[in-house]
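Chemist: Please work from the sequences and hints to get the whole structure.
Listed in order, the protein sequences are those of chains A and B. FYI, this note's numbering numbers position 98 of the first sequence as 298, with every residue one higher than the one before it. FYI, this note's numbering numbers position 329 of the second sequence as 529, with every residue one higher than the one before it.
Just so you know, nobody snuck in bad clues.
All copies of an identical chain are treated as equivalent in the list; a pair is satisfied when it fits inside any one copy or across any two copies.
Taking lysine-lysine pairs in the DSS-like style, the calculated list, with each CA pair at most 25 Å apart, reads:
| id | residue 1 | residue 2 |
| --- | --- | --- |
| 1 | K296 | K406 |
| 2 | K325 | K269 |
| 3 | K206 | K296 |
| 4 | K391 | K206 |
| 5 | K325 | K463 |
Calculated directly from the structure, the hints in this document are not laboratory data.
Protein chains: 2
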Amino acid sequence: MPELRKDPIIGRWVIISTERSKRPSDLLMEKNRFRGGFCPLCPGNEDKTPAEVFAFRESNTPANGPGWKLRVVPNKFPALVIEGAMNPQQQGIYEKMTGIGAHEVIIETTDHTANASTLSPLDFKNILFAYLQRITELKKDGRFRYISIFKNYGEIAGASMEHPHSQVIALPVVPKRALEEMSGAQTYYQKNSRCVFCDIVAQELKSGERIVVENEHFVAIEPFAPRLPFETCLLPKQHISSFEATDTALFSDMADCLSLVLKKINKALGIPPYNYILHSSPTDNSDNGFYHWHFEIIPRLTKVAGFEWGTGFYLNPTPPEQAAQHLRDTVID
Amino acid sequence: MPELRKDPIIGRWVIISTERSKRPSDLLMEKNRFRGGFCPLCPGNEDKTPAEVFAFRESNTPANGPGWKLRVVPNKFPALVIEGAMNPQQQGIYEKMTGIGAHEVIIETTDHTANASTLSPLDFKNILFAYLQRITELKKDGRFRYISIFKNYGEIAGASMEHPHSQVIALPVVPKRALEEMSGAQTYYQKNSRCVFCDIVAQELKSGERIVVENEHFVAIEPFAPRLPFETCLLPKQHISSFEATDTALFSDMADCLSLVLKKINKALGIPPYNYILHSSPTDNSDNGFYHWHFEIIPRLTKVAGFEWGTGFYLNPTPPEQAAQHLRDTVID
Chain A
201 MPELRKDPII GRWVIISTER SKRPSDLLME KNRFRGGFCP LCPGNEDKTP
251 AEVFAFRESN TPANGPGWKL RVVPNKFPAL VIEGAMNPQQ QGIYEKMTGI
301 GAHEVIIETT DHTANASTLS PLDFKNILFA YLQRITELKK DGRFRYISIF
351 KNYGEIAGAS MEHPHSQVIA LPVVPKRALE EMSGAQTYYQ KNSRCVFCDI
401 VAQELKSGER IVVENEHFVA IEPFAPRLPF ETCLLPKQHI SSFEATDTAL
451 FSDMADCLSL VLKKINKALG IPPYNYILHS SPTDNSDNGF YHWHFEIIPR
501 LTKVAGFEWG TGFYLNPTPP EQAAQHLRDT VID
Chain B
201 MPELRKDPII GRWVIISTER SKRPSDLLME KNRFRGGFCP LCPGNEDKTP
251 AEVFAFRESN TPANGPGWKL RVVPNKFPAL VIEGAMNPQQ QGIYEKMTGI
301 GAHEVIIETT DHTANASTLS PLDFKNILFA YLQRITELKK DGRFRYISIF
351 KNYGEIAGAS MEHPHSQVIA LPVVPKRALE EMSGAQTYYQ KNSRCVFCDI
401 VAQELKSGER IVVENEHFVA IEPFAPRLPF ETCLLPKQHI SSFEATDTAL
451 FSDMADCLSL VLKKINKALG IPPYNYILHS SPTDNSDNGF YHWHFEIIPR
501 LTKVAGFEWG TGFYLNPTPP EQAAQHLRDT VID
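Modeler: The structure is reproduced here in structure tokens:
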């Protein structure tokens with residue numbers, strides 16, 4: 201029988217199909233096609249991007265030339281503009297403001313053809329440290345209330361450049377999804393005096409059936425009520441409300457966990473297009489008892505149709521217990 | 201400068217790009233490919249579907265044979281099952297229940313290759329009457345709290361069969377998006393003693409800049425803060441809280457408006473994949489002062505990437521004023 205399951209944080213119901221459940225081989229798996237051509241993110245083309253705002257470089261190499269290992273540059277075609285006033289305006293019942301914000305590209309490696317399977321845990325650690333550096337830096341600008349970090353891999357997942365990169369968008373407003381999660385977590389906290397994510401971690405560690413990867417400080421699980429097949433949540437075992445509040449001593453474990461999850465997804469699903477998104481507390485409430493930062497990882501294996509769009513009600517053909525089992529059984533040498 | 205705009209009902213912010221704004225010809229336009237092969241929805245194959253639950257037929261033609269103009273059948277592979285008890289269960293912090301519900305297919309026409317451009321306003325009127333009949337019928341089952349009606353056109357938009365059809369899903373819970381809209385509209389009503397949608401209609405009719413089609417009883421607009429290019433909202437001008445509460449005398453106007461909007465979208469955008477979704481009040485609160493039923497129409501022209509998934513914050517490259525102007529200028533003979 202199909203099951204209706206409810207997300208314990210934001211209350212979203214999903215349908216988990218157990219009878220016609222789909223195995224990885226039944227799922228849409230459009231391969232990532234490399235398009236080739238000139239790449240402004242490759243070494244030697246540093247003058248084709250805006251000037252770097254951060255980099256890991258060999259000693260004594262000057263900014264905006266070769267010698268880097270990872271580089272952060274403003275997006276050449278930003279969704280938001282960094283200069284100016286917000287200028288909020290009311291037009292009858294409508295509200296708008298100028299699209300002030302930061303939009304940066306984190307060039308994760310010099311290797312144009314790299315992917316999560318070829319990058320080392322140390323590469324991942326550098327990427328995660330770059331996230332930390334950008335959040336810390338952008339938080340100093342008092343206009344920004346939320347800093348979103350995400351990665352699109354593959355055309356299907358929205359990547360317009362194929363060179364491995366993540367993106368940072370700093371926003372003057374808190375996005376709807378973040379508000380929903382904060383609100384759901386706060387309600388749970390008021391009722392139970394505990395963080396809902398901490399309770400999820402405890403219950404999942406006890407049952408084990410939805411765990412994908414676990415180490416001392418981090419765990420990756422398939423959520424109880426996932427919207428999409430192989431949707432995965434990676435979070436610290438201990439309560440940490442924002443990414444930037446994480447002790448840097450934990451970054452090795454974090455990198456190992458993220459690296460292993462993505463390598464398993466790549467191996468099990470044939471290097472699928474995917475997105476991952478950092479969920480963290482807003483800048484002005486980054487230390488609290490109720491919210492718990494995490495990465496949401498979404499392989500893009502199925503199409504999202506009208507029903508999902510219109511209702512927020514997802515039909516997921518793969519039970520998370522099966523997906524977790526499959527990823528646990530996928531061995532990375 | 202890019203603009204941040206806020207949806208007045210659910211409070212979602214979107215970024216409207218005004219500088220790099222995209223014209224229809226710049227947008228992804230993957231053509232709908234006809235795959236051919238056997239079609240269980242075509243006339244003559246009535247025995248390949250479950251028995252019909254409703255049809256418009258020529259006089260004296262028996263059910264489940266030829267002679268129909270429109271036919272409603274249970275989905276052969278339903279997302280939810282109609283028989284059984286809901287059996288709600290708690291598993292620690294998680295909640296689930298059996299996936300009880302109805303899942304039906306509305307076969308809109310006998311013509312396998314028809315689309316919105318070839319169907320007449322009278323065909324649309326029949327389709328809309330079929331929606332009304334199914335809602336009225338399914339509401340009699342006290343287990344169903346929400347009835348979702350939607351259409352996926354084209355593979356990209358999630359259609360798995362190419363014969364023109366809509367779908368009905370009756371649910372034992374109210375989906376998240378419906379709850380959000382109800383809650384936003386209720387808050388506005390408590391503050392202003394007016395329906396927020398009625399206020400939107402009044403403001404849009406006055407300004408005219410986002411209107412696509414208008415007749416005596418219906419209007420189609422590009423919303424002030426749309427997530428996606430050419431997203432369109434069709435609603436009755438007068439306050440009606442649920443689809444089934446609409447006077448049948450208004451169905452000709454409704455059909456004319458829906459038919460014309462879809463024909464304009466098809467002509468302007470080259471018969472794109474699209475979804476439309478009926479948004480209406482839950483079954484147990486179908487007559488209220490604050491919610492106003494509408495169709496949400498979404499041409500699927502751009503890819504949804506990690507940022508949108510993770511934040512609920514959309515980057516829309518086409519200002520709705522430009523989209524509305526373009527659709528107004530698209531003449532249907």
